[in-house]
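Engineer: Residue-level listing of the chains:
Number of protein chains: 2
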Amino acid sequence: MSQTYPRLHRICVIGSGNWGTTIAKVIAENTRENPTLFHPDVQMWVYEEQVTIPTTSRHYRPGTPPQKLTSLINNLHENVKYLPGIILPENVIANPDLISAAREASILIFNLPHQFLGSVYRTLRGKTLPYARGISCIKGVSVSEQGCELISEAIGKELGIYCGALSGANIASEIAEEKWSETTVAYAEPQGGEGLPKEYPPLSRENVKRLFHRPYFHVRVIADVAGASLGGALKNVVALAAGFVDGLGWGSNAVAAMIRVGLLEEVKFGKYFFEKEVKTETFTEESCGVADLITSCINGRNFRCARLAVQRGVELKEVERTELNGQSLQGLTTAVEVARFLRSVKKEKEFPLFMAVDKILAGKAEAKDLPALLEGDVNTLSGRGNSSL
Amino acid sequence: MSQTYPRLHRICVIGSGNWGTTIAKVIAENTRENPTLFHPDVQMWVYEEQVTIPTTSRHYRPGTPPQKLTSLINNLHENVKYLPGIILPENVIANPDLISAAREASILIFNLPHQFLGSVYRTLRGKTLPYARGISCIKGVSVSEQGCELISEAIGKELGIYCGALSGANIASEIAEEKWSETTVAYAEPQGGEGLPKEYPPLSRENVKRLFHRPYFHVRVIADVAGASLGGALKNVVALAAGFVDGLGWGSNAVAAMIRVGLLEEVKFGKYFFEKEVKTETFTEESCGVADLITSCINGRNFRCARLAVQRGVELKEVERTELNGQSLQGLTTAVEVARFLRSVKKEKEFPLFMAVDKILAGKAEAKDLPALLEGDVNTLSGRGNSSL
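Residue numbers (this note's numbering), protein chains in the order written: chain A, 1 to 389; chain B, 1 to 389.
Any given hint might turn out to be false.
As the list makes no split between identical chains, a pair holds if one copy fits it or if it spans any two.
[Stated by the list, open to error] Listed below are the simulated DSS-like cross-link pairs for lysine-lysine, each with C-alpha atoms no more than 30 Å apart in a straight line:
id : residue 1 : residue 2
1  : 347       : 209
2  : 179       : 317
3  : 209       : 271
4  : 347       : 317
5  : 364       : 346
Worth flagging that the hints you see were computed from the coordinates, not collected in a lab.
Use the sequences and the hints to build the structure in full.
Structural biologist: Put into structure tokens, the structure is as follows:
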């Protein structure tokens with residue numbers, strides 16, 4: 001069963017916010033438990049800064065001077081700034097030098113805010129192993145009139161490596177505390193290109209799963225990277241619609257209806273963009289699809305802000321300004337980008353929910369018009385009932 | 001477009017509780033608007049009783065003596081006992097005589113508590129039009145070691161008619177108040193058997209939709225009666241699991257995971273029982289499937305009771321006894337029936353969630369064991385990722 005290989009996979013996690021640190025913890029637990037596959041040490045690239053230990057850390061002592069974040073992590077085994085209170089395995093190694101952290105890694109995990117990716121590309125280009133594989137934990141896609149670009153695709157292109165994605169109904173702090181949840185890893189060992197040297201254990205689905213799966217963090221590995229990434233982005237548009245109807249006091253059945261219609265439009269959008277790759281089941285059966293959509297539509301930030309906008313009778317942008325402390329609402333950008341694209345390809349009629357959200361954001365319709373706007377749903381009759389999309 | 005036919009469909013709604021009366025209202029609005037298809041009058045069979053107008057009715061006057069419920073409905077156009085405060089169209093005709101209400105109906109709508117069905121069968125057998133079609137709004141299936149019987153099937157068999165089903169994420173009072181929601185009507189005009197006479201408009205999907213669809217009540221018509229009925233029953237088992245993890249304080253991601261796994265087991269169960277008939281999309285795309293499941297798992301009665309049981313550290317039966325005022329918790333019965341059946345056909349391993357709920361109910365496991373019990377999910381690895389079920 002456990003064949004031995006001359007070389008072991010080395011992992012580097014690029015990013016050390018709460019989500020990056022959490023994933024480093026998960027992976028470091030697994031590299032220890034699977035010594036025939038992985039080198040135990042997990043390099044975690046940390047953007048170096050001087051940090052004062054906060055009162056929420058168990059290492060807080062009054063009057064301690066600021067120290068380097070990497071030293072704190074490596075000495076205390078706690079990311080006192082971004083994940084205070086969580087004990088990290090000692091084999092999580094904080095490293096302030098991105099090139100040295102990534103140089104020997106056969107598996108690179110990207111887990112940092114997407115606005116920092118440009119600088120990561122500039123630093124790492126040509127410096128990684130030529131056969132390294134990436135997995136992006138960054139949600140989001142960018143949609144323009146030219147088309148739709150996945151973050152995993154962009155990483156792959158910029159660094160010349162294959163890159164999969166991790167996406168699911170996940171909140172970093174819950175996973176860090178080992179509250180149970182599920183996720184989806186989308187990864188298909190690439191055919192052709194720079195092959196993984198035979199000295200390494202193969203990156204089969206089973207082995208990829210062993211890198212992420214924990215008793216408190218259940219993983220399913222699928223092949224559909226595009227579907228997983230789209231689900232993580234489009235859910236925010238649906239969550240706005242769910243928030244609008246909840247704000248009107250229409251109850252959970254109306255929210256459930258928005259989720260249902262939104263799920264169908266997600267699938268259709270995916271099929272339109274990436275015909276061959278995207279699978280319906282990625283949306284309807286996986287954590288990155290239906291489960292992440294549900295969580296976002298009952299408790300997510302986009303949902304809550306949209307609900308508040310309707311309850312207060314103000315624009316969503318106003319809620320974003322007053323409630324989010326300078327942060328931006330992902331769904332707003334995605335909704336506008338998606339609608340602009342759909343108009344440019346004249347597919348508005350097939351996406352009544354996505355278009356309705358854009359209309360409401362633009363002040364051209366009100367939340368209460370949603371049912372009438374959805375009447376135009378071409379799925380409703382059109383003889384398709386129970387045929388596949 | 002609007003061809004004329006020598007005969008019009010006459011509708012009889014059997015049942016006049018809050019859900020029966022609400023459906024009679026919906027249908028009566030539609031029969032008026034579609035005079036080339038339907039006779040405007042909607043007969044509603046009412047179990048006759050003497051009723052005092054409650055204070056919640058706009059017809060309440062102090063000191064008014066009790067009157068017959070049918071007279072109250074026909075004079076006041078309000079079901080003052082079971083749906084007070086809602087104005088009914090004048091073409092809803094309350095009738096205390098089941099045979100006279102149903103005799104001329106080409107479409108019979110069954111909408112009453114299932115324990116009264118036996119008496120309806122005895123009264124109506126041989127008294128309906130031989131080509132009458134039924135639609136059951138009663139949720140639930142009965143599972144025994146011999147198999148699984150749908151209520152729509154039982155009605156069809158007992159009365160010798162074809163019977164479809166209406167099932168969705170619906171709460172009667174919300175639809176009565178014209179808050180927006182969606183539903184699914186499962187109906188496929190039968191081939192062979194007693195054909196509908198050519199004098200009637202055909203019962204195409206479009207025409208069936210016209211009977212139920214309203215601006216505030218969106219309908220999709222599908223063919224899969226078994227899938228629609230199973231969804232409405234199995235969701236209660238999943239809602240118990242969702243309530244258990246929510247009671248542990250694991251957050252909405254854990255609830256979403258239960259919904260996701262439950263949805264897959266619903267599909268698998270359906271395929272196992274009714275291989276040819278049941279369609280995956282009925283569960284993953286329709287209101288009777290994913291939407292009804294979501295509503296039940298975030299706000300349904302089974303969910304709330306299961307959560308309370310975990311929070312209080314008592315058995316679910318205890319919560320049922322203390323909180324439900326003598327009513328029973330549907331999920332309890334269904335969970336036990338389903339698990340007993342799965343054991344008898346030795347399929348336990350393929351349904352880890354359904355089996356886990358039964359184990360917890362039997363006191364053989366605790367809510368916190370759910371993740372470990374789901375580790376046995378054969379879908380998790382087994383090389384299927386993104387293949388269809």
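Engineer: Taking the hints in turn, state whether each one holds.
Structural biologist: Verification of the hints:
{"no.": "1", "hint": "347 to 209", "result": "between (38 Å within a copy, 26 Å between copies)"}
{"no.": "2", "hint": "179 to 317", "result": "between (33 Å within a copy, 27 Å between copies)"}
{"no.": "3", "hint": "209 to 271", "result": "both (26 Å within a copy, 28 Å between copies)"}
{"no.": "4", "hint": "347 to 317", "result": "within (26 Å within a copy, 52 Å between copies)"}
{"no.": "5", "hint": "364 to 346", "result": "within (19 Å within a copy, 57 Å between copies)"}
Comparing the model with each earlier hint shows no violations; every hint is respected.
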